[in-house]
Amino acid sequence: MTAPAPPRVRHAWYVLAWSHEVRREPIVRTLYGDPIVVYRGRSGQIGAFLDRCPHRGVPLSEGSVAGDHLQCAYHGWEFDPTGQCVAIPSFLGDPAKAGRCATRFAVRERQGVIWVWATRDEEPPVEPYDFEYADRPGYTVIRRDVRAAATVHAVAENALDVPHTAFLHGGLFRRADVRNPITAEVRRWHNRVEAEYIGEPRPTGLVARLLSPSGGLVTHFDRFFLPSVVQVEYRIGDENHFVITAACTPADDYDTRLYALAALKSRIPGFLLRLLQPFGLRIFRQDAAILALQTENTRHFGEEVYASTEVDLLGPHILKLLHRAERGEVGAPRAEPWARTVQMEA
Amino acid sequence: MTAPAPPRVRHAWYVLAWSHEVRREPIVRTLYGDPIVVYRGRSGQIGAFLDRCPHRGVPLSEGSVAGDHLQCAYHGWEFDPTGQCVAIPSFLGDPAKAGRCATRFAVRERQGVIWVWATRDEEPPVEPYDFEYADRPGYTVIRRDVRAAATVHAVAENALDVPHTAFLHGGLFRRADVRNPITAEVRRWHNRVEAEYIGEPRPTGLVARLLSPSGGLVTHFDRFFLPSVVQVEYRIGDENHFVITAACTPADDYDTRLYALAALKSRIPGFLLRLLQPFGLRIFRQDAAILALQTENTRHFGEEVYASTEVDLLGPHILKLLHRAERGEVGAPRAEPWARTVQMEA
Amino acid sequence: MTAPAPPRVRHAWYVLAWSHEVRREPIVRTLYGDPIVVYRGRSGQIGAFLDRCPHRGVPLSEGSVAGDHLQCAYHGWEFDPTGQCVAIPSFLGDPAKAGRCATRFAVRERQGVIWVWATRDEEPPVEPYDFEYADRPGYTVIRRDVRAAATVHAVAENALDVPHTAFLHGGLFRRADVRNPITAEVRRWHNRVEAEYIGEPRPTGLVARLLSPSGGLVTHFDRFFLPSVVQVEYRIGDENHFVITAACTPADDYDTRLYALAALKSRIPGFLLRLLQPFGLRIFRQDAAILALQTENTRHFGEEVYASTEVDLLGPHILKLLHRAERGEVGAPRAEPWARTVQMEA
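Chains as they are written, first to last, in this note's numbering: chain A, 1 to 346; chain B, 1 to 346; chain C, 1 to 346.
Keep in mind the hints are simulated off the structure, nothing from the lab.
All C-beta atoms, glycine included, are put in the ideal place defined by N, C-alpha and C.
Mixed in with the good hints, there may be bad ones.
Rough simulated footprint, nothing fancy, chain A against chain B, three-plus residues with beta-carbon under 8 Å [as the list claims (entries may be wrong)]:
1. 57 to 70
2. 87 to 98
Listed below are the simulated DSS-like cross-link pairs for lysine-lysine, each with C-alpha atoms no more than 30 Å apart in a straight line [claimed, not checked]:
3. A:Lys97 to C:Lys320
4. C:Lys97 to B:Lys320
5. A:Lys320 to B:Lys97
Chain B is nowhere near these chain A residues, computed Cβ spacing over 12 Å in every case [what the hints assert, rightly or not]:
6. Arg8
7. Ser43
8. Arg192
9. Phe221
10. Leu226
11. Ile268
12. His323
13. Glu329
Kindly generate the complete structure, drawing on both the sequences and the hints.
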């Protein structure tokens, strides 16, 4: 069967790479399945083109960087960072002509991240998402990218879902046999949705005990920002603040790459916090494995039919936002969000 | 090319596993391409569901058995053997609701075999096929399952076909250069077809000489029962009786699993009869190899166009029965079968 | 995506094998994706059939040659070199009947090459291409077949293209930094197109220096003959003459096999000329690699959209000839070709 096409939000920025990955050698990344070649010219300027030479269709990523230009490996056609053809070997005429341009994507380099606008040959009306904790003093910042064989929606729902943690990550994070009643407040704006958890006790698992030996009040938010940023924020007591923000990139409909920044403030020193990375990656690997199985079934059955309950707090809202954004119906900002309170166990 | 869809008989029982294969760990089998999870609860009761959790679509076979329930590995939803959802962790409401049921298949466990009814959520009006020699005193019974990359029809025709044995299995069974005139009587009822071979001499190959050193009259029947049971019965002299019955399961349209029971009565002791297994498996491997090539060509050319002669005794009748059964036109039992006599060489 | 179907010229001869490859064991080759079995009977006669037995569809190439017949491995049906069914084991009737014929292709064996007419069961109105230098006295002839994962058109354009040599084969053949103005005359007839290069200096690369140490006037033609023959002819000085002719076979739409004859006359002795083979193969491997990447992009994007300039001398003409031939519009021979002069650098 063919898997159904999930919502595609094309008028949006996505992270294609970390800054340090884009050097003089062109690299290829995919966005919604299409290969995009990204290179950095001698002046530092970055070009991002569809990875197909307009001449005979071979991948431009096979070519090489000459000054600020990218030169195709087959016949040597050269393109400047805007995609303009500037040289055609053997040809005595003028190389510039509309049909000879490389298909270009708008690029931004900010906070150590390369963003690309997902619509070809279009000038973006907005700027990319700002990672507010990227350079905050007093915070240890860890950057990491990971991949999951699932849609942006499935990945985002999973990242922000509480109930599965006791089962899939049983013992690492929450425990299935210790249940506490909590209240969740869900609030949805035109371009984002969040859940705030009230009355949540300090988690009882191993990771939680390492982070906050002295216990204390827990503040916990899960957030989604269109088109694809997920954020989990925890305050445990006065002294611990953890904000993990990940920009999800649809490398393909069922292949999502997450560029994550974890900002951590704690009495525990930064070098010890870094030791927690293996726990985080182990949790992510468990999630990635179950998400890949979810995708396999979606492909096999050719459909996604989901039964939800009210404790699926954010997933249905994320899907609604994505579908609206795909149709261009994001609408005007609203001061008062849609809101709902849910009683649940965690 | 896409291979054409062979007839699919959905209102029917198929073997999914041997009894001993279904323990507390859920197992997955496929039927017409769909994964089915089968598990045995603590009480011994067996559940068979489409291998997809109604909540987020992940395979239930990744979960675990809790008492008589199957619990999903992702969010811990629990289902009883009828497919009813009986627990949703974190959720304070009532879990039971139509849209939250697992898709269930009717199950029977008989004669050491697990049968499943091929239509979802349907109560079968009939019971599965009875292996009449499964427990017959005086018979050595050997059970074995094998697989062939071909349709149920191609597998059944091959299993019951005489002319190919001299070529494909030349030397093992019959010999191409020794020909005898025989008469075949073909009889077709509403739900089965058989060929009786009259005047067949004792086969001359190695296997035959081992089985019946003293020679004698041969009685030989080849039979097909809807939807997918094949049977070869030989009597050689007074003292040898061999009945091989195999239930064919369409794991997929072009992937057939055979659950075979060979019942043997002979002056040769049972432990010696068991030594014949390698010969049988070698013959089956030759058949499986040629059937896989037949399937490859069907896939490549996107069609099955077969030229038959009257010595293709059963294949065309089996196909007719399968097509009728697919359309639900099995009709009323008839006392007098359609019959035909064919002169041939074997 | 699905790659677009390139033009298919079916009323045409293609090389399927070298003569020495067709012995008593049947071999399989593909033409436009279909498997064709080719065998040589005891009398030397060659049969070429679609590789599918009309009885149950298994590949005839699994069978064996008996006298002048090909016998299927499954039930032993036998076919003569015209495809007529001449024996059916077990069957007492007459085997000959229209529906029981193997699907046959016309065959010619000439100049050490096996040609097959690409339309089934059709008697060809013309004879295959004549390799005029195959047996020319004074010439060293080297035969070689290679494969490229690309269309006949892409392979032929690449084989006859000058501008890419300085880039893709930089250093081996031409150098990108040494440029000479030359004039190219393009001439197109109803069934072929050629480019003659005027004023071309002796190539400056390593291969050229080995071939013609004393320099001299260069005559250079690149030619394409429908449906798929490419030819590169060089005269360097009075004493060197090189003609490489390759018949391209569309094993599949994007899988082209080239059967090449290189005819070389030079003051350099033949055994030394043969030492040049590795250079030629290295050039071909570079071409095959870039052509495979071109094909990958065509498959990915589901289209071929090419921007050409006038220095793409032959490619657009070859495509026009192939499209006309596919539609059967080859037309009458014309004495005066369509012609055009192009100024370029090489």
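Going through the numbered hints above, which ones does this structure break? Give me the numbers in ascending order. Result: no hint breaks.
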